[in-house]
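Number of protein chains: 2
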Amino acid sequence: MAYDLTVLGKKAEAASYQLAQLETKKKNTVLLAMAKGLRDRTAEIIAENKLDLKKAAGLTQAFVDRLTLDEARVEQMAEGLEKVAQLPDPLGDLVGGWVNEAGLQIAQQRVPLGVIGIIYEARPNVTVDAAALCFKSGNAVILRGGKEALHTNLKLVSILQNALRNTGVTPAALQIVEDTSHEVANQLMQLTEYLDVLIPRGSARLIQAVVRNAKVPVIETGAGNCHLYVDNAADLEMAKQIIINAKCQRPSVCNAAEKLLIHKDVAASYLPQIAQALWDHHVELRGDKQTQKILGSRIKLATEQDWYQEYNDYILAIKVVSSLEEAIAHVNKYGTKHSEAIITNDYKKSQRFLAQVDAAAVYVNASTRFTDGFEFGFGAEIGISTQKLHARGPMGLLALTTTKYLIRGNGQIRK
Amino acid sequence: MAYDLTVLGKKAEAASYQLAQLETKKKNTVLLAMAKGLRDRTAEIIAENKLDLKKAAGLTQAFVDRLTLDEARVEQMAEGLEKVAQLPDPLGDLVGGWVNEAGLQIAQQRVPLGVIGIIYEARPNVTVDAAALCFKSGNAVILRGGKEALHTNLKLVSILQNALRNTGVTPAALQIVEDTSHEVANQLMQLTEYLDVLIPRGSARLIQAVVRNAKVPVIETGAGNCHLYVDNAADLEMAKQIIINAKCQRPSVCNAAEKLLIHKDVAASYLPQIAQALWDHHVELRGDKQTQKILGSRIKLATEQDWYQEYNDYILAIKVVSSLEEAIAHVNKYGTKHSEAIITNDYKKSQRFLAQVDAAAVYVNASTRFTDGFEFGFGAEIGISTQKLHARGPMGLLALTTTKYLIRGNGQIRK
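If you read the sequences in order, they're chains R and F. Residue numbers for the first sequence follow UniProt numbering, beginning at 1 and rising by one. Residue numbers for the second sequence follow UniProt numbering, beginning at 1 and rising by one.
Isolated chain R (complex conformation):
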């Protein structure tokens, strides 16, 4: 018989009403019980993970690494749950409130979204992380992880559900889709009757597939073709530190720099030393004709495609620009509206860059690598939104909430 997601949907919806009413203290008790459950049953988790790993023999080293759990990683998961327990509960806050002309007391209160779907790949830590954040924010969650991690995920979910059950909370707060076929994933993307939002976490390919196919509202996360613009009024030593950090500290992530724009007045003298520093860090450089002229044949000519591309790798494309305006226009044309930075000591230019660049996070004199829920101080991160609706930039627990209006009257009717 076909796998029926509406069964999960119904259970999740029913659970969401219980979760919305749970007191913070109770939720934290559950999260700590979940952490204890993972620690107590580490051996079982690792045993199930080995079954997944056995099947993953043919896959890339990076893939296998993300899939692999050992004692230290299970301990990290447990600590993650404990950290979420320590975060402030976002629910119940009044976002605003006023009395309208008719005398109604209108209060806008923060409430859970309801039921959240998470589609991700083969990183078992996402299972625990997403479960914790959705639970703390009062939402029921339906997880759909990659098929390669199914044994591990089923074990993790069963341990977390046990903790729910043992603390008197419905285990339907957290469910996992056991059929990992594409058909069922597509069914999940259409489950508008039960899902309030769908959040894809993982590769650009996964995210685009979800954006393309989903009828459920999606929060798009991830793609980051981030630029650094080094102005002619920059502190060039500072710029160098920022370039190396933004490109090399962790090139695989979305807030790493992919492009360097440099003002023509400083390009000739500055690019050779920057290039050397980047080469020392094993970064492949590409560039426009001007850059090539300055740096020579070791630089591959960047194509139009390069300017759009997020490398997620030790590659940086460099372009010489003749003005701040050209830099801003380039960023707004080719960027993914994620994180963009200017390095300058010119006040007016800093103000113009901040105002005119259209991105979730716009920096002056800092590395783009700070666009991150933890670095922002949210204590958690469910992803980095690159869309403009609902949430933009790093998303913590608040992004998993909505509001409702509570309206108290004494018989008001509309004239």
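Everything labelled a hint here was simulated from the structure, so no lab data went into it. There's no promise every hint is true.
Since copy identity is lost for identical chains, a pair holds within one copy or between any two.
[Said to hold, decoys possible] Calculated lysine-lysine pairs in the DSBU-like style (CA-CA distance at most 30 Å, straight line): (1) K348 / K264; (2) K83 / K11; (3) K333 / K11; (4) K54 / K300; (5) K415 / K147; (6) K240 / K147; (7) K147 / K333; (8) K10 / K264; (9) K348 / K11.
Take the given structure of chain R and dock chain F to it, following the hints.
For chain F alone, kept in the frame of chain R given last:
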């Protein structure tokens, strides 16, 4: 040659950068020039409207009424523009701000969404209204109105664009899709490269078609299967006023009541007088078996379908419930999460209804008819969101904005 929306998209995107930087005073000058333009050219507008009306001969009276413009209605449009000019500008406000552990000054600033698409039917006032609200909130807009209003809409847009041009603002701030075929409407729904959001305004059918077909993020507006629950601890005279107001004041709108739930302890004595009052207002009543038993054969038995239906008409379905819990469960099952009200003087029950009902607006002792941008005091309304992402409930100018993070550093790099 096929109509190419990417041309409009590119122009709108370019315009959006200019609009985001316009000063409030300038925007208000433009809005007043638009109002003057409409007044000065009222005769031309009415002449074009007559061309549309000539073709609309076969359509319903209600449709023709919505399409028809006269001097008074053009004057209303002009006044609408002047009112939007008086509204506070939502842009630039800092929604939050802090210094993170690395010493970065992080400020979250309200900015425009960018490019907004509006799909609507044959109400020419939406053309002016949507143009005004999108412009005031710093967004470029692409309008796609119903084909029956095309002559009128083209004239209105040309007048508004003239006002833009004459005040030195790009007319691409406001564009209209001239090809009103379904194919081009579908193309608009897929225009993810240029549109930041799509807002359908009109019938449930239109809205559902957009939700189903759009790849662009949609703000779903409209459907309202609103309930009134009369508790056994209600002030029954107050309840009567509210029932009559919520059902009869304007039955065609989404915040009108469609269902009455009544506690069994008061049903037998109270329903007959309520029924009589509703019949006096020409309301057709349907009901569950209990209601039928009390009110007799004049009451049609409500079907399962009735409980889900938004009548938008002089029809009300009544159900006798045995507890607050049953009322809440019914509302959460059959409601559209729009506006729900309890009439009670029991404090605990009021608190439980407010907490447990999942809807954009939850009322105690007031008519659901207040769920409205103007009644809420927003001074404008682009629609009433029944989804949970981004905006929930009445949407004013704020709903047409997003935020970006402005981050000022002094050389910070990530450790």
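Consistency of the hints with the structure:
1. In the homo-oligomer, the alpha carbons of K348 and K264 lie at most 30 Å apart inside one protomer (19 Å), although the nearest pairing across protomers, at 70 Å, exceeds that limit.
2. With identical chains, the CA atoms of K83 and K11 are at most 30 Å apart within one copy only, with a shortest distance of 28 Å there and 47 Å across copies.
3. For a Cα distance limit of 30 Å, the shortest separation of K333 from K11 across copies, 13 Å, qualifies, whereas the shortest one inside one copy, 45 Å, does not.
4. Taking CA atoms no more than 30 Å apart as the test, K54 paired with K300 passes in neither setting, with 41 Å inside one copy and 64 Å between copies.
5. Taking the closest pair of Cα atoms, K415 and K147 never come within 30 Å of each other, the shortest separation being 58 Å inside a single copy and 34 Å across copies.
6. Neither within a single protomer nor between protomers do K240 and K147 lie at most 30 Å apart by alpha-carbon distance, with minima of 43 Å and 58 Å respectively.
7. Neither within a single protomer nor between protomers do K147 and K333 lie at most 30 Å apart by alpha-carbon distance, with minima of 37 Å and 34 Å respectively.
8. In this assembly of identical chains, the alpha carbons of K10 and K264 lie at most 30 Å apart only when taken from different copies (28 Å versus 61 Å within one copy).
9. In this homomeric assembly, K348 and K11 come within 30 Å of each other (Cα to Cα) only across copies, at 28 Å, whereas the closest approach inside a single copy is 56 Å.
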